[in-house]
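Protein chains: 4
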Amino acid sequence: MFDRKQISDELISLIRQIRLVVFDFDGVFTDNTVYVFENGKEAVRCWRGDGLGLRKLEHLAITPIILSTEKNHVVKARAEKLRVHCESGIEDKYARLKEIIEERELRFDQVAYVGNDMNDFECLAAVGFPIIVNDAHPELSLCARYRTKTPGGRGAVREICDLFAQILSKR
Amino acid sequence: MFDRKQISDELISLIRQIRLVVFDFDGVFTDNTVYVFENGKEAVRCWRGDGLGLRKLEHLAITPIILSTEKNHVVKARAEKLRVHCESGIEDKYARLKEIIEERELRFDQVAYVGNDMNDFECLAAVGFPIIVNDAHPELSLCARYRTKTPGGRGAVREICDLFAQILSKR
Amino acid sequence: MFDRKQISDELISLIRQIRLVVFDFDGVFTDNTVYVFENGKEAVRCWRGDGLGLRKLEHLAITPIILSTEKNHVVKARAEKLRVHCESGIEDKYARLKEIIEERELRFDQVAYVGNDMNDFECLAAVGFPIIVNDAHPELSLCARYRTKTPGGRGAVREICDLFAQILSKR
Amino acid sequence: MFDRKQISDELISLIRQIRLVVFDFDGVFTDNTVYVFENGKEAVRCWRGDGLGLRKLEHLAITPIILSTEKNHVVKARAEKLRVHCESGIEDKYARLKEIIEERELRFDQVAYVGNDMNDFECLAAVGFPIIVNDAHPELSLCARYRTKTPGGRGAVREICDLFAQILSKR
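In order, the protein sequences belong to chains A, B, C and D.
Position 160 (the first sequence) corresponds to 160 in the numbering used here; numbering is contiguous.
Position 150 (the second sequence) corresponds to 150 in the numbering used here; numbering is contiguous.
Position 163 (the third sequence) corresponds to 163 in the numbering used here; numbering is contiguous.
Position 59 (the fourth sequence) corresponds to 59 in the numbering used here; numbering is contiguous.
Keep in mind the hints are simulated off the structure, nothing from the lab.
Any given hint could turn out to be false.
Remember, identical chains collapse to one label, so a pair may be satisfied in a single copy or spanning two.
Taking lysine to any residue and the SDA-like style, the derived pairs with C-alpha atoms no more than 20 angstroms apart in a straight line are [unchecked claim]:
1) K76 with E122
2) K71 with E38
3) K81 with E99
4) K149 with D3
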């Protein structure tokens, strides 16, 4: 629950325009660690509460998607469980983001992007509502309009969905 | 060990009535994270000390059960090790809770419910002794009679069992 | 490195008598959590630095052993890697501790015991040098002569070995 | 981003000489814990952001390598993903470090070494730029010229790479 007094009118205007939320995966859906096994297989650690949040977004007619440079199948595996469209192994995230926005006939100011590291910089700089997780790389500090209170993989995705739901369920 | 002076008479009365403790699983027996593998398999992180606590509850003739919306088999796997009755994949937890209470010929005020997220709201609101874990979703803050000092998956279940044991072993 | 001024003469005397250090496993070598997989298999999280510590103990002619009630094979698996004698699945730890001490022709005051939960209580109460980990169950607080600064599975075993080494390498 | 005012001229001179950065693995690329499975297999927890950092180092013509006493294959598995040369199962790290430096026709003052525990002591004492992670063993505190702000496995490798990049991208 967000204290309405701490949510500026500017933030409310930003959120009201959004139709698409593009999430980076590692460091956003996860705590940015990776578990490495002897055979090179990987695992990641996610937050059980994210699913409830993503369903809220969809009820508000806002589409969540995942865009990741990581090639490992854990990204797809998590996205399938969460029933969210996912594109992984994307080398140039900004180029692909631009295409996605065009394909969906949206404008950049109708898009929120959630990131945690320097390879999210271009995407964050381009969208209408740039969001970083609480424990994002320090160099990203100045390029976000919202920084989550919770860290990646420990509530950040859910917090963003809750924020959208609180503001939009009242319009 | 709980400081007896901090345990109100009201709490003691509540606890003396309880015959059934219904636990949510994720976020209560776990830290609300899930480990995701490349093949989509999952794992969760639990607290070794919970087993000792659940055995104490049973010695006090109080039945612990687990009720979860999660379908993944990790819930059942942990419940089997802990030797606790478990129902997972339950879409409507309140409806099933109501049935369970009727089947066992109990009243709602003889039941404690332990939860951590919004899908526990209805169950918490209905039972005699609603309990939330220390790191529960902020929107649940006002609907509990007891909030554990320890977080989910890091002692919360054990703390609740210890609380019951301390009060009831003296009656 | 321990500040010599903070190590009492009493502690030094206690440590000089010790020939055997008996470690509980879960909560001492681990952070007291267990990872549960869909097929019921388990994993635990240990500290890489413990191996160096145990080798130091052996160079001081002090034998480390592991005594655990847990039946799961992870206990033995970790003990094998650390090359430490291990007995797991022990229902009555105090009875077995007594036998071990007799078999090795030692006295209780020549033994240190390291524990973290209530099923370690009897063993801690019996030995000459009872030790608990920093994050031990609160009911154990009063029954130890030394409480580690580091938590179980995050340096506690190593800290104990370092303490012995610092004191005994100077005698 | 490092506050330039907090980076001494001495540190800048040290870094300008470096051609090779030798990293210990456990406690540097990981949080110094190991996950142990029932069959004795192991896993470790690494930081997703390290890859971006290592690529930066290489662009500056500085070679990163991993040198570890650990025999388990997880070390090699992680090194392969990060595309970094790795030597594991090395009993005498100092002897091997000396050979590596000779093979590459470098001098000790052109080498940085990153460690976290006592078996890194000799290497740290020998190189031109000794670095320890924030949560290194306390006995190493005095033998480093730089201590990372972030812990091992939670940003330490990346922080070191970022530091090199910030200083060297301006020469």
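Comparing the hints with the structure gives:
no., hint, result
1, K76 with E122, "neither (23 angstroms within a copy, 33 angstroms between copies)"
2, K71 with E38, "both (18 angstroms within a copy, 11 angstroms between copies)"
3, K81 with E99, "neither (25 angstroms within a copy, 29 angstroms between copies)"
4, K149 with D3, "within (13 angstroms within a copy, 24 angstroms between copies)"
When each numbered hint is compared with the structure, violations occur for hints 1 and 3.
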